[in-house]
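Residue numbers (our numbering): 22 to 220.
Treat the hints with care, as some may be off.
[Stated by the list, open to error] Estimated spans, in silico, between C-beta atoms of each pair:
hint, residue 1, residue 2, range
1, Ser-56, Pro-154, 26 to 34 Å
2, Gln-93, Tyr-218, 35 to 43 Å
3, Glu-216, Thr-50, 37 to 45 Å
Please keep in mind that the hints were generated in silico from the structure rather than gathered at the bench.
Just so you know, even glycine gets a beta-carbon here, dropped at the ideal spot from N, CA and C.
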Amino acid sequence: MKIWKVLIVFALPYFMLGCCKCADYISVTYFSYCSLQVDNIDALNNQLDAVSLADTIDLKQFGIRATIEKSQASCSAPTTIFTTAYACDCVEPNRYIPNNGIMQFRIITLNNFDATHRAGDTINSYFQQFYGPTFLPVDEYVQNYFSSPNNESTYFSDEQIDLKLITAPTNKVKHAFRIEILLSNNRLLSATTREVYLR
């Protein structure tokens with residue numbers, strides 16, 4: 022009788038695996054942030070959906086779109102008995118994990134912006150990140166979504182960050198901005214917008 026109890030205990034995980042219809046492998050794709058492209062945006066109805074090549078944009082509608090290109094290399098890791106048992110809930114088997122997190126995100130004015138922010142100064146606080154129907158401070162957004170190298174997601178696409186200008190410049194000159202992204206492996210991604218008059 023005791024032998025049957027021991028056999029049942031050892032066989033139980035295999036019965037559990039047999040009942041599960043989920044994949045035996047969880048696909049883990051590691052990716053790297055490769056390059057950065059930035060564009061001026063002339064927002065329509067505050068939706069930040071229009072990349073603009075114009076040399077003049079209404080400052081109330083002006084924004085910057087930063088697109089971070091990713092590259093990926095895929096690998097699969099077999100699950101253990103316990104993780105496979107958890108996988109019986111059939112959660113999404115694909116995971117996308119960055120090799121390196123984003124440690125710093127800077128918006129730099131290339132022209133004198135106002136009395137306290139000269140050419141070369143960081144003006145993150147003058148922009149907010151547009152996320153769905155809401156806006157977030159740039160530093161808060163980066164901290165919440167990108168700072169951890171283990172910040173995994175279940176989908177893969179180039180990262181698009183829309184930034185809306187919320188503080189008007191006092192200097193009436195053409196303005197351009199450089200975005201710098203420092204990765205946790207000390208790589209620096211950098212790109213500069215086209216010069217534009219903000220009216």
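Hints, one by one, checked against the model:
no., hint, verdict
1, Ser-56 <-> Pro-154: 26 to 34 Å, "29 Å, holds"
2, Gln-93 <-> Tyr-218: 35 to 43 Å, "40 Å, holds"
3, Glu-216 <-> Thr-50: 37 to 45 Å, "38 Å, holds"
In this structure, every one of the numbered hints holds.
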